[in-house]
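Got chain Z; can you put chain E on it based on the hints?
Protein chains: 2
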Amino acid sequence: MTMAPEAPRIVIIGAGFGGLAAAAGLANSGLPVTVIDKTNYNLFVPLLYQVATAELAPSDIAEPIRKILHRHPNIDVLLAEVTAIDTTNRMVSLRGGKIIPYDRLIIGTGSQYNYFGHDRWATVAPGLKTIEDARRIRSRLLMTFELAEMTDDAERQAALMTTIIVGGGPTGVELAGSIAELARFTLARDFRHVRPELAKIILVEAAPRLLGGFHPRLSDYAERRLKKLGVTVLLGQKVEDLRANGAMIVGQFMPAGTLIWAAGVRASPAADWLGIPTDGSGRIPVNADLSVKGLDSVYALGDTALCLDANGVPLPALGQVAKQQGMYLGRALGRHLRDGRPMRPFRFRNRGNAGIIGRNAAFFDFDRWRLTGFLAWILWALVHVWGLVGFEKRTLVTMQWLWRYVSYQRGSRLITHQDAPPEALGADAAPVSQHRVKDTRA
Amino acid sequence: MTMAPEAPRIVIIGAGFGGLAAAAGLANSGLPVTVIDKTNYNLFVPLLYQVATAELAPSDIAEPIRKILHRHPNIDVLLAEVTAIDTTNRMVSLRGGKIIPYDRLIIGTGSQYNYFGHDRWATVAPGLKTIEDARRIRSRLLMTFELAEMTDDAERQAALMTTIIVGGGPTGVELAGSIAELARFTLARDFRHVRPELAKIILVEAAPRLLGGFHPRLSDYAERRLKKLGVTVLLGQKVEDLRANGAMIVGQFMPAGTLIWAAGVRASPAADWLGIPTDGSGRIPVNADLSVKGLDSVYALGDTALCLDANGVPLPALGQVAKQQGMYLGRALGRHLRDGRPMRPFRFRNRGNAGIIGRNAAFFDFDRWRLTGFLAWILWALVHVWGLVGFEKRTLVTMQWLWRYVSYQRGSRLITHQDAPPEALGADAAPVSQHRVKDTRA
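If you read the sequences in order, they're chains Z and E. One point on numbering: in the numbering used here, the residue at position 163 of the first sequence is 163, and numbering is uninterrupted. One point on numbering: in the numbering used here, the residue at position 74 of the second sequence is 74, and numbering is uninterrupted.
Be a bit skeptical, because a hint or two may be false.
[As the list claims (entries may be wrong)] In silico lysine-lysine, DSSO-like type, Cα no more than 27 angstroms apart, as pairs:
no. : chain 1 : residue 1 : chain 2 : residue 2
1   : E       : K200      : Z       : K98
2   : Z       : K227      : Z       : K200
3   : E       : K98       : Z       : K200
4   : E       : K228      : E       : K200
5   : E       : K238      : E       : K200
6   : Z       : K228      : Z       : K200
No lab work stands behind these hints: they were computed from the structure. Small disclaimer: the values here were computed from a predicted structure and weren't measured.
In isolation and in its complexed conformation, chain Z is listed as follows (with noise of 0.2 angstroms):
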């Protein structure tokens, strides 16, 4: 390292959106940097919805950080999880015991999924934030239909496959059309005694409409996308309870072989290091300039900080929020540490917000108008072909989607037995042991 020992160092905690912004930010500044992230990789978060869905393999949307990072020498990478944080020796404690002294602190730690006090329920109805979740829950799915076709049992073959998703915002909606289309066109000739085509998806809403953060009208269109392909939408609904093979619902239990999590998220325990007061939904509240209030040097940004808008609204957990926040971070530190130049406030520019639901079916919402159809949906693989780090995932990633598009078919359908064990789907439905005889084909 040719830095100066004089130099602030920064460590910035997370590599996601809002972290690598940062850093690539502070990429030519010269200043010492180091990044901090329990995964060796940067998770490309909107299109997690399809590796739960066998659309796409877990490292088409995962590039190391240290791969995007290696060109800047100013920036080290760390595979490690913070355990504790002392803002008044500005030190960050890692696992193991190593300690990383700073000058300048950036978290971007991001969200979980908030189940409200229902702990049990993360058990049996996983939310989906991490690459093992997206491979549990498409191992799940996969296995329902699998010990469907075991069954001779009509009852249970139709509570198998059964899959309930709670929580109507665009997670669930896109889980809900892609989980139907899976079934109806992918799995649909592969059975020889069950109807994948049959199969129940359940969309519940606790909420009047879907798509509580978009105009209404997007909210109609999605529920009537998601209908014509045999989506049941419940709308108003609250889910009372969440148990291993089904869900109570307004005083009714619904059998089902999947429950997938998708209300609410709430922000990383980020705040618990600092020892802060938060939001109710554990946001760190910051400044203008996403410096941390009542502390010093210590920046939030992302699903992780609460941060308001000009109007004093908290500005949405998005993906394109962090990722502006990263970048002005990134350059307004480097310019004021550089040069000593002012800090001037973060301003959030609304560039839509959209989503999808299935073949030829998206929806994009800008500030003044809306876009719906075949065209909202070029234009959002052409955005989230765009958003992948890297020349290579982009290629394979269209190239798949392409297959996809001609063939309906899907390319990564593997069950791995670690993430879904037969047991977890009840006693009697386990005809594969979790017991994992290795090195033996049978």
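For chain E alone, coordinates are given in the frame of chain Z:
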């Protein structure tokens, strides 16, 4: 199903090269066929080493068995584990209690690694037979470099960046070459505190030469090319012990971060189901028509079978043997059962045996001539792409290989912690908790 109830039912256990070829041979027979496999995919094992070394994703070489066979209405597929076979009453028992009757039974359950009685070694030096094995090796390998980057102890860095591969057959040679190129080219620029290109790869073989089953000239070629890549080749040296942190080789302890077992296989324990004696490698002795000696209506093929050639020499455990046996058995059995035609004996035709060391370096051993170097490398790529199932996989793998060739990058560098808990690498070396804190990114 339109089959008459009296049509003889053929049950195939194992959907590897042999089992799938047998199913394909029976596809147009009109006879009812049931294929049983423990996984839902057919794995293209010859490229599994590329999953272990981050070149390909698991789904690139795994195709759903259902999808492969879905065009044939007479073939049923079951994802299930066999627990017992009753050869008297002709029934296969599955875990979960289901029973599948058969008139003819084909067993192609492959092979597993043979630790020659040292079962404890399996936990520290995984073999390479399943997707899970490959993911575990990949995660572990990549994790050692991450841990080396984190430590300031030079001795520990060197130990972590050492890989010991036991066994100098094709798999050992391919792994050694690929890991050497991973370290020297792909990872070289990504680290700040260690130099991955100095990583030590040690290939240990007890015999006096590599590639025992090949022509000695190819052994020399492989050794020369590996040494050029910086691999340490130890010949005629026996591994005396394998521990979590290294190997004891001829009285000397060599510390290592990654140990991989590629020394010798034995047949899957299918003979236990049948209660019959096997040869020393667990293989089931079969007659010239692949029927199991001493049993009625049971056949075995591939790595599971002990099949002698015209000179009384056992056929080797190779994909092409299993494939040819499956094709033969499916067709011959179909004709025999439908038309009463006698089954002619199986004859193996050697189509050549190949392996790869790295960029521009592969080898082919045809019976009378050999091929090495660039041409062999092109041929190797063509043969292996062709061996993959389906247009999509062939295109995706070709594209990725082209991209690897020009960029020196690898597309699947994910560390999945459930596959490589840092605890496995020694307590002092655990910066990341195995305890999977879901949904936070830090």
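Each hint tested on the structure:
no.	hint	in the structure
1	E:K200 <-> Z:K98	holds (26 angstroms)
2	Z:K227 <-> Z:K200	holds (11 angstroms)
3	E:K98 <-> Z:K200	holds (26 angstroms)
4	E:K228 <-> E:K200	holds (13 angstroms)
5	E:K238 <-> E:K200	holds (19 angstroms)
6	Z:K228 <-> Z:K200	holds (13 angstroms)
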